[in-house]
Amino acid sequence: MLVFDIAKTHLTSKPKQTIVAMLGVTFGIGMFIAMVSLMTGLNRWTEELTMTSSPDIHIYNDITQERNSILEAVNVNGLNKVHHQKPKNEPNKLRNAREMVNILQKDKRIRGVAPTLSSQVFYNLGPVQLNGTISGVDILEEDKLFDLRSKMKAGNLEDLKANNDGIIMGKGLAKKLSAVLGDRVVMTTPQGYTITLKIVGIFQMGIGTIDNIRSYANISTVQTILQQDQSYITDINIKLYDLYQAKTIAPEFQRMFKYKAEDWETANATILMGVIIRNILTYSVSITLLVVAGFGIYNILNMTIYNKMKDIAILKAMGFSGRDVKYVFMIQSIIIGVLGSVAGLGMGFGLSYLISLAPFNGGDVVSLDHLPVLFDSTYYIIGIVFGVVTTALAGYMPSRKAARIDPIEILRGQ
Amino acid sequence: METPVKGSSVLKTYKITKYFHEPTKFQVLKEIDLSVNRGEFLSLVGKSGCGKSTLMYILSTMDTDYEGELEIAGERLTGKNQNYLAAFRNSHIGFVFQFHYLLPEFTALQNVMIPALKLNKISAQEVEDKAFEKLKMLGVHDQAKKRSSKLSGGQQQRVAIARALINDPDIIMGDEPTGNLDSYNSNVVFDIFQELTHRYNQTIIAVTHDEEFAQRSDRVVEMSDGKII
Numbered sequence: 001m002l003v004f005d006i007a008k009t010h011l012t013s014k015p016k017q018t019i020v021a022m023l024g025v026t027f028g029i030g031m032f033i034a035m036v037s038l039m040t041g042l043n044r045w046t047e048e049l050t051m052t053s054s055p056d057i058h059i060y061n062d063i064t065q066e067r068n069s070i071l072e073a074v075n076v077n078g079l080n081k082v083h084h085q086k087p088k089n090e091p092n093k094l095r096n097a098r099e100m101v102n103i104l105q106k107d108k109r110i111r112g113v114a115p116t117l118s119s120q121v122f123y124n125l126g127p128v129q130l131n132g133t134i135s136g137v138d139i140l141e142e143d144k145l146f147d148l149r150s151k152m153k154a155g156n157l158e159d160l161k162a163n164n165d166g167i168i169m170g171k172g173l174a175k176k177l178s179a180v181l182g183d184r185v186v187m188t189t190p191q192g193y194t195i196t197l198k199i200v201g202i203f204q205m206g207i208g209t210i211d212n213i214r215s216y217a218n219i220s221t222v223q224t225i226l227q228q229d230q231s232y233i234t235d236i237n238i239k240l241y242d243l244y245q246a247k248t249i250a251p252e253f254q255r256m257f258k259y260k261a262e263d264w265e266t267a268n269a270t271i272l273m274g275v276i277i278r279n280i281l282t283y284s285v286s287i288t289l290l291v292v293a294g295f296g297i298y299n300i301l302n303m304t305i306y307n308k309m310k311d312i313a314i315l316k317a318m319g320f321s322g323r324d325v326k327y328v329f330m331i332q333s334i335i336i337g338v339l340g341s342v343a344g345l346g347m348g349f350g351l352s353y354l355i356s357l358a359p360f361n362g363g364d365v366v367s368l369d370h371l372p373v374l375f376d377s378t379y380y381i382i383g384i385v386f387g388v389v390t391t392a393l394a395g396y397m398p399s400r401k402a403a404r405i406d407p408i409e410i411l412r413g414q
Numbered sequence: 415m416e417t418p419v420k421g422s423s424v425l426k427t428y429k430i431t432k433y434f435h436e437p438t439k440f441q442v443l444k445e446i447d448l449s450v451n452r453g454e455f456l457s458l459v460g461k462s463g464c465g466k467s468t469l470m471y472i473l474s475t476m477d478t479d480y481e482g483e484l485e486i487a488g489e490r491l492t493g494k495n496q497n498y499l500a501a502f503r504n505s506h507i508g509f510v511f512q513f514h515y516l517l518p519e520f521t522a523l524q525n526v527m528i529p530a531l532k533l534n535k536i537s538a539q540e541v542e543d544k545a546f547e548k549l550k551m552l553g554v555h556d557q558a559k560k561r562s563s564k565l566s567g568g569q570q571q572r573v574a575i576a577r578a579l580i581n582d583p584d585i586i587m588g589d590e591p592t593g594n595l596d597s598y599n600s601n602v603v604f605d606i607f608q609e610l611t612h613r614y615n616q617t618i619i620a621v622t623h624d625e626e627f628a629q630r631s632d633r634v635v636e637m638s639d640g641k642i643i
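Those protein sequence lines, which keep their order, are chains F and Y. Using the working numbering, the first residue of the first sequence is number 1, and each one after it goes up by one. Using the working numbering, the first residue of the second sequence is number 415, and each one after it goes up by one.
Same shape as in the complex, but just chain F (with noise of 0.2 Å):
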């Protein structure tokens, strides 16, 4: 095709600025890539990593909820105020906790139930004491929500169930008590019950905030610890098939049983408030870079035109239409889109590599060692299209104007 020709050799006499043209476009799709394959493989790390410490949703007896005071029983047509009312005393016990589990069993949304019951206890080790919890579990149920196997870092969950006095300790905890595997540690609950159990196991979440307060044991020992009976349970943790359902399946749950029942997003508001932000962020960064590199194919079609505008003035004298003129111009600037997305897309992939390989040390806090880099065709593609659709709208307007030039001007000029 014969404007196509003439675009080609447009570009291909002046290399040095058809390159640079490109490269505009390949820094912005370049930076847009390996900025978002972070940033989304930051998210899906955060939201793997609140998946890993909070079930779908969590049902709890919140005994510091407003409740209506005995004064609007007795006096039920009076215009009652309380003031700084007291939470009642009443254990955080969940009345009816294994009907509440077998109802939520045969609930076809829910992909696993598990009940426990936590506790504030102190860990002494010799002279060495420290606050933490102990969350009685059943084990196995706790691993299909959780996936607890896989964080095991000494010891199998099996000896838990096996070993009534036994616990599997995070790994932050066991650290600062300088306890290991098969180690026995002494504890203390709130109510001054002490008692002594054998590490069988070491787990590491990642988050600190968990590795370093939170022990597992068997129900019934937690159970007898806290000096209750078998039917004590404090919390049901629910894992679902679809996790986006939380939101509308929780206030189910609450009106249903009475209790809280609070889903993931609401349990991790500042986390993913976090994410949120993230994504602005990459966007309004990127899509900065696009419009910027738009600018620069904007400036160098408008000065090639500038050049140009003679030859236009005798391709018209000969017969071309102003369409044929501005499809000349037109199609340089989509070479040069398509090839400088192209080779973004390449620099792209290639830092978003060198990232996913620079070590990161997350510290204490967080166990991380690289930063998580997510690799996602989805984002290549926006890549390319946002790409070529920018360079096109830059080499429009110049195009268009190149169009409109009048022959005669151009040529009595002289």
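Check the hints yourself; a few may be wrong.
Covered stretches of chain Y (chain F as the covering partner; in silico rule of three or more C-beta atoms under 8 Å from a C-beta of chain F) [what the hints assert, rightly or not]:
1. 447-456
2. 494-501
Taking lysine to any residue pairs in the SDA-like style, the calculated list, with each CA pair at most 25 Å apart, reads [claimed, not checked]:
3. F:K308 x Y:Q496
4. F:K308 x Y:P518
5. F:K14 x Y:F513
6. F:K14 x F:K310
7. F:K161 x F:T188
Calculated directly from the structure, the hints in this document are not laboratory data. All figures in this text were calculated on a predicted structure; none of them were measured in a lab. From the three backbone atoms N, C-alpha and C, an ideal C-beta is built for every residue, glycine too.
The hints should help you fit chain Y onto chain F, whose structure is shown.
Quick look at chain Y alone, frame taken from chain F:
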């Protein structure tokens, strides 16, 4: 291609009138009636500002802002849209300018080929053969593969003439075709024009300042104050 018949009219105008609106309204052309016959070598002369270039751009169909009527090769062109006129110029009119306006990135041969490739009537190979033949006729075939920007002024003008001829146009229009050439090359171009008209029955309309050039052509049309005298 229709067989050119010497003497039949190839271009006709009827009362062509044009105004300039900037800076003030000014009548450049006053009811120009002109008829040009096939095979005629016509020089359009006159003082600066008499309107001869303006008339030529109207005749070339590039300027459509006029009153009156224009007919080329039996076709009435007044009122046709720009795209139609562009296509018409491509097949019916060849241009030679004072500054040759070759496309500098292309070779001499490619420059000659472009209007024919645009017309797209014959294959690219045939176009190339024909372009080479035209260059040979003008004595610049040895420069065919050179970039046009590397040629001398006289060579460039001959390449430009070859380009004007490639689609066998009804009329070749020249705006000061020898204006930028030394006397030797001016003579070469004049001889080419004369040969084209006398031997190949080509019609040529040239705007010129060159007295000698005008006097040697077949017909001289002199203009003054927007009228033919």
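Against the structure, the hints come out as follows:
1. Closer than 8 Å: that is the beta-carbon criterion, and the stretch 447-456 of chain Y has 0 residues meeting it against chain F, so the requirement of 3 is violated.
2. Three residues within the 8 Å Cβ limit are the bar, and the stretch 494-501 of chain Y against chain F gives 4, so the coverage statement holds.
3. As the CA atoms of K308 (chain F) and Q496 (chain Y) are separated by approximately 21 Å, the hinted pair is consistent with the 25 Å bound.
4. Between the alpha carbons of K308 (chain F) and P518 (chain Y) the distance comes to roughly 10 Å, so the proposed pair stays at or under 25 Å and holds.
5. Note on K14 (chain F) and F513 (chain Y): the hinted pairing holds, with a Cα-Cα distance of about 23 Å set against a maximum of 25 Å.
6. Of the supplied pair hints, the one linking K14 (chain F) and K310 (chain F) holds, its CA atoms being roughly 17 Å apart against a limit of 25 Å.
7. A distance of roughly 22 Å separates the Cα atoms of K161 (chain F) and T188 (chain F); the hinted pair therefore holds under the 25 Å criterion.
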